[in-house]
Amino acid sequence: MVFVVSFTSTILIPAIPNIVKDFQSNDPYLSTFIVSAYLVGYFLGPFLMAPLSDHYGRIPIYHICNLLFVGMTCWCATTHSLGTLATARFLAGCGGSGAVALAPYSVMDMFRSERDFMFMVPGIAFVIAPALGPMAGAHVSAKWGWRCVFWGAALVGAFSTIVALLGLRESHGLVILGRKIVKRRMVTRNLPLRSRLEVRSKMPPSRRFVQLQIRPFLVLRSLSVFFATCVAAVGSGFMYMVFITLTEVFTSEFHWKPENIGYAFTGIAVGNLVGILLGSLLSNMVVKGRKKRGYEKPEIRLLPMILFWPLVGLGLIVYAWTSAKAGAWIWPLVGSGIFGAGVTSANFFSLSYITASYPEHAASGIGTHILVHSIIAGALPVFSNKLYYRMGVGWGFTILGLVALAICPVLYFCYRFGERMRKRLDRSSEPTA
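To convert, count from 1 in the sequence shown and add 1034; that's our numbering.
The set of hints was computed from the structure by calculation and includes no laboratory data.
Note that the structure is predicted; figures quoted are calculated from it, not measured.
For every residue, glycine included, the Cβ atom is placed at its ideal position computed from N, Cα and C.
Keep in mind that a hint or two might mislead.
[As the list claims (entries may be wrong)] The following label-pair restraints were derived from C-beta to C-beta distances:
(1) Asn-1318 / Cys-1182: 38 to 44 Å
(2) Leu-1341 / Val-1437: 16 to 22 Å
(3) Ile-1433 / Leu-1312: 25 to 31 Å
(4) Leu-1311 / Gly-1426: 29 to 35 Å
(5) Leu-1189 / Phe-1447: 42 to 48 Å
(6) Asn-1294 / Ala-1413: 42 to 48 Å
(7) Arg-1327 / Gly-1117: 23 to 29 Å
(8) Ile-1196 / Met-1144: 20 to 26 Å
(9) Ile-1364 / Ile-1210: 20 to 26 Å
(10) Ala-1440 / Ile-1196: 20 to 26 Å
(11) His-1114 / Cys-1442: 19 to 25 Å
(12) Leu-1189 / Thr-1118: 17 to 23 Å
(13) Val-1244 / Lys-1331: 29 to 35 Å
(14) Asp-1061 / Tyr-1090: 38 to 44 Å
[To be verified] Cut-off 30 Å, straight-line C-alpha distance, at most; resulting in silico cross-link-like pairs (DSS-like, lysine-lysine):
(15) Lys-1331 / Lys-1055
(16) Lys-1055 / Lys-1359
(17) Lys-1331 / Lys-1177
(18) Lys-1055 / Lys-1326
(19) Lys-1420 / Lys-1177
(20) Lys-1291 / Lys-1359
(21) Lys-1291 / Lys-1420
(22) Lys-1177 / Lys-1055
(23) Lys-1359 / Lys-1322
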């Protein structure tokens, strides 16, 4: 379901010109906000869904959120104004945030020795799926109209929801034991009967709920984690800005037909895949090499991020000027592919660094990543059309590329002083179980 939710975040982007035309709107902010509103909805996951699942169990929250996602996506297909569409997209994002936020907690419930690897599975799906969404959305929109884009997403979401209803089982140990104890009390009429976890955890449910709400913010008190997460989120925001302008660039500059626009996103899709594969290989090589020398600090996971992040700036500059000159269409795809490799690997290394820094609270760390991602990556695309129309694709994305390159010293700062910044935090300020 994480893949479906992330896939849906970008599936409508190639259809935005058709949506704006149907609704007869000239507001550039509102037309891009229908993308951002969905991402902002992710904020609800780590802030509300995760604490609720700790009290009521993972399964009820999963099912409620999945049904909300499907219902709101269906509403998107029947709207008749951009404002209503943006509202429906926001609510769909809220529903989708359940699967995105709870997946790491489910992994933490079910795995121990393989936890590090399994944490990466929903993380990779969360990062790669947005590059594939526009490819499918462009073909569906060109053949059957933009409303069918949402009907198709709702259909896939409904199938995943049915699979979840039939196959998912509760994984939260405290909730499972609590239900067993309730059944045992009813059979034995032994009212004082309590499980070991209930006896051990004397914290009131209300306090536990508040603690789970503030835990992601406690993780962010480590400046190195905060900066690394923000850098990765900025890269994702730049990616959504590229997504939004790709359709306009290839239709106006290269005169592609609407039914072929999906191919304009293949560069980023391939780049994302290459970034994950090369990034994971390089990360394993660096970590193993440093461990042999006795260096096992989490900051070693930032070293590959320092090496890969300049690809973001380089790719944006290549994409900017090869698009502005309107030469061979292959070069903007190459530039966007280089850019995609840098962004995806940065998100991968950021997640890896968070889970290594807080191994006992990795789920909260991933929730922190989602939280920052929803705010920064959701805000930046709002300005993409203004940037494109005022400065053009050449200078507009060149500025973004230079900003990305200017961020490089921040990553080195985190690598060099991250351990010192983490040690300065009191144990009381670190997240507690």
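Hints and how they fare:
no.: 1; hint: Asn-1318 / Cys-1182: 38 to 44 Å; in the structure: holds (42 Å)
no.: 2; hint: Leu-1341 / Val-1437: 16 to 22 Å; in the structure: holds (19 Å)
no.: 3; hint: Ile-1433 / Leu-1312: 25 to 31 Å; in the structure: holds (27 Å)
no.: 4; hint: Leu-1311 / Gly-1426: 29 to 35 Å; in the structure: holds (34 Å)
no.: 5; hint: Leu-1189 / Phe-1447: 42 to 48 Å; in the structure: holds (47 Å)
no.: 6; hint: Asn-1294 / Ala-1413: 42 to 48 Å; in the structure: violated (31 Å)
no.: 7; hint: Arg-1327 / Gly-1117: 23 to 29 Å; in the structure: violated (58 Å)
no.: 8; hint: Ile-1196 / Met-1144: 20 to 26 Å; in the structure: holds (22 Å)
no.: 9; hint: Ile-1364 / Ile-1210: 20 to 26 Å; in the structure: violated (55 Å)
no.: 10; hint: Ala-1440 / Ile-1196: 20 to 26 Å; in the structure: violated (48 Å)
no.: 11; hint: His-1114 / Cys-1442: 19 to 25 Å; in the structure: violated (46 Å)
no.: 12; hint: Leu-1189 / Thr-1118: 17 to 23 Å; in the structure: holds (21 Å)
no.: 13; hint: Val-1244 / Lys-1331: 29 to 35 Å; in the structure: holds (32 Å)
no.: 14; hint: Asp-1061 / Tyr-1090: 38 to 44 Å; in the structure: holds (40 Å)
no.: 15; hint: Lys-1331 / Lys-1055; in the structure: violated (54 Å)
no.: 16; hint: Lys-1055 / Lys-1359; in the structure: holds (27 Å)
no.: 17; hint: Lys-1331 / Lys-1177; in the structure: violated (52 Å)
no.: 18; hint: Lys-1055 / Lys-1326; in the structure: violated (60 Å)
no.: 19; hint: Lys-1420 / Lys-1177; in the structure: holds (29 Å)
no.: 20; hint: Lys-1291 / Lys-1359; in the structure: holds (19 Å)
no.: 21; hint: Lys-1291 / Lys-1420; in the structure: holds (24 Å)
no.: 22; hint: Lys-1177 / Lys-1055; in the structure: holds (17 Å)
no.: 23; hint: Lys-1359 / Lys-1322; in the structure: violated (44 Å)
Going through the hint list in order, the structure does not satisfy hints 6, 7, 9, 10, 11, 15, 17, 18 and 23.
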